[in-house]
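What follows is each chain in one-letter form.
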Amino acid sequence: MTAIVQLRTSIINKKKPMTNAQIEIQLIASLVAIACAIPGTFLVLRKMAMISDAISHSILPGIVVGFFITQDLNSPLLILLAALTGIITVVMVEYIQKTGLVKEDTAIGLVFPTLFSIGVILIAKNANDVHLDVDAVLLGELAFAPFDRLIISGTDIGPKALYIIGTILIISIVLLIAFYKELKVSTFDAGLAASLGFSPAIMHYGLMSVSSITTVGAFDAVGAILVVALMIAPAATAYLLTTNLKRMLAYAIGFGIFAAISGYWLAHALDASIAGSITTMLGLIFFIIYLFAPSKGIVAILYREKQQRTEVSLLTFLLHLKNHSEERERHVNHLNEHINWQKVRSKTVLDLALKNNMVSIKNNIVSLTEKGNNFTSQAIDYIMTNEDSKIEHMKADFFLFRG
Amino acid sequence: MLGSFAVLRKQSLLGDAISHAALPGIAIAFLITGAKDSNTLLIGALISGLVGTFWIRGIVLKTHLKSDTALGLILSLFFGFGMLLLTFIQKQPNANQAGLDKYLFGQAATLVESDVWLMAIIASICLVILLFFWKEFKILLFDADYTKTLGFNTKFIDILITSFIVLAIVLGLQTVGVVLMSAMLLAPAAAARQWTNSLSVMVFLAAIFGAFSGVFGTAISASQNNLSTGPVIVIVAGIFVLVSFIFSPSRGLLFKQIRFIKNRRDLELHKTLAFMFRIAETHENISHPHAIKILNNFQGYTKGTLKKLVDKHYVIINGNEWSLTNDGYRAASNLYNQQEKTND
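Residue numbers (my numbering), protein chains in the order written: chain A, 1 to 403; chain B, 1 to 344.
Check each hint, because a few of them may be wrong.
[As the list claims (entries may be wrong)] Cβ-to-Cβ under 7 Å is the rule here; a few derived chain A residues that face chain B:
| no. | residue |
| --- | --- |
| 1 | Val228 |
| 2 | Gly276 |
| 3 | Ile298 |
[Stated by the list, open to error] DSS-like mimics (lysine-lysine), calculated; alpha carbons at most 27 Å apart, straight line:
| no. | chain 1 | residue 1 | chain 2 | residue 2 |
| --- | --- | --- | --- | --- |
| 4 | B | Lys148 | A | Lys103 |
| 5 | B | Lys312 | B | Lys256 |
| 6 | B | Lys62 | A | Lys246 |
| 7 | B | Lys62 | A | Lys184 |
Simulated from the structure, these hints should not be mistaken for lab results. Built from N, CA and C at the ideal position, the CB exists for glycine as well.
Make a model of the complete structure from these sequences and hints.
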């Protein structure tokens, strides 16, 4: 571990101008981010986000077995075997789920730790002396990626990881464009997709295979956990911002790239793990969007809830006025205790009503104006019939209060 | 034990999420105190686990993101942040830092006596509270709305259960590590679920399964070199689950298959009998012999079913011919009547 750290330090601390290795690292990170964002979006929409976590863990035995066969950490066979294990995981989860003995999430939670344990034990028993480390599998080390060069007939044409992830990315983009319509339909309306003649099973396993291959291709560069983060976080963040699939894909890719590059510089500044800082950036982005997204952020939701509470209070107030013609009931002080609001709240509501010309106050007696009277009648109408059409034109009125 | 609640509450993967989310807590606790005292680290893990859990709930409640997305999100983000902190700590000039990554994979062998005592104490506190709030837990589990109408403080009970799950996970982290913790939480409960429909029996069984897989796993890993404890425990627990899936009497796959085959056989038997009955009906004497051959064009007929019918004294075989007995005639006509009744 210390050797790793020192090596990383030596890479990261190279002073400006930006070295070749730095550009390559950022390029790889961005490509991984894009490659993950595409299947990730669909996983999030299909409510299968945890599957990516399961795959990323359970590919371990596949990698180990592949390593025993090939004795080479970078052979394509390794990736194929690992992807196969990923698909086996999905099939096993589905089989267990189909027996009806446990729920889907329990099935996931059972399958992947077991497979992972098998992988860990295989490593511990047989591969202790070779370069195959659980840490490396789980956490990855982006800083090393540029050292593993692809050399064809003696010329160095760039880091291997760049080519692996680039190939995977191209495959998934081609598949995405070719099957965009089918994917879209089967994601949002599986029944319709089936009746239109697209096999949901093929779509499902196709998506699973792509996710599985992407995970394997990316884990080498960035580690299993970051793969999960890169798949889920950008997609989830984008989902908070838009409900349009194309835009969601675009946003997810954008967030992914931004996090990859800014994460790299964060790691550079803190001299820490690149994978970890990319994830942290993703977390920050998500947190900000989670709080401040225009219509679905927490702040917006809290604001809306407060708004709605005031509106309901106002309505209650107006209804009370309409129901009571006696002066005693309409006295300002009496209203305070009758509806049982705190002073501040009742004052807000009263002010709001005054501002909108719903009520008028004479000698501390509150009475409805004509506008207020009409409005209240409409509201009662709505409450009695509960028909949406009745409230449609009232929405405009409510809008007035907010302004 | 607490896993039973997680399984039944459909929060199975919460364990996975929390165990990952605990990592930044460990790192931060270390950064603040600068010492590797396991108690402070545990408290840090506990706090960040709780923060993660409640953030997950916040996401699920307040936005339209689904729980699986929220879980995956929190899991990976917290873990990534934890990794960042860990690598950051490795840069600090503090000789103490080695061994923090033990938490990732866990090492039961590194436990010292005080850790074991701590675990035992907390486990017994859990047990006492579980018994104390048994009724509330149970009712919340199966019918949350009803609980609310009864006037229980559902939020409080909910938070209590969740906190205990988090506590259990954080404690277990040291033993089996981050990745395998979720299996430790789930596997015994999932196995126990197959054997019983009663909550109390299930919790009890889950505790036994958990303890057994712990003991067996440790024994196996101790008997060989190079076997880390955590994965072995998980595999033992996985075997428990597999066995339970296959062999449990009422829900198991094996018995389900046997029941399925038995039902099919019964159906074939009935089919043969009904066919015989219809032939016998056309004759005045019900035990008028018929050639076995005419049964051949009937799918349900096999030598086996015929033999069974003879065993039940419904049919008499005489050379190549069969004839219905009185018993058989009665049984067959009853069968027919019942079928007609159900058809009505």
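To see whether the hints hold, each was checked on the structure:
| no. | hint | in the structure |
| --- | --- | --- |
| 1 | Val228 | holds, 4 Å |
| 2 | Gly276 | holds, 3 Å |
| 3 | Ile298 | holds, 6 Å |
| 4 | Lys148(B) with Lys103(A) | holds, 26 Å |
| 5 | Lys312(B) with Lys256(B) | holds, 25 Å |
| 6 | Lys62(B) with Lys246(A) | holds, 24 Å |
| 7 | Lys62(B) with Lys184(A) | holds, 26 Å |
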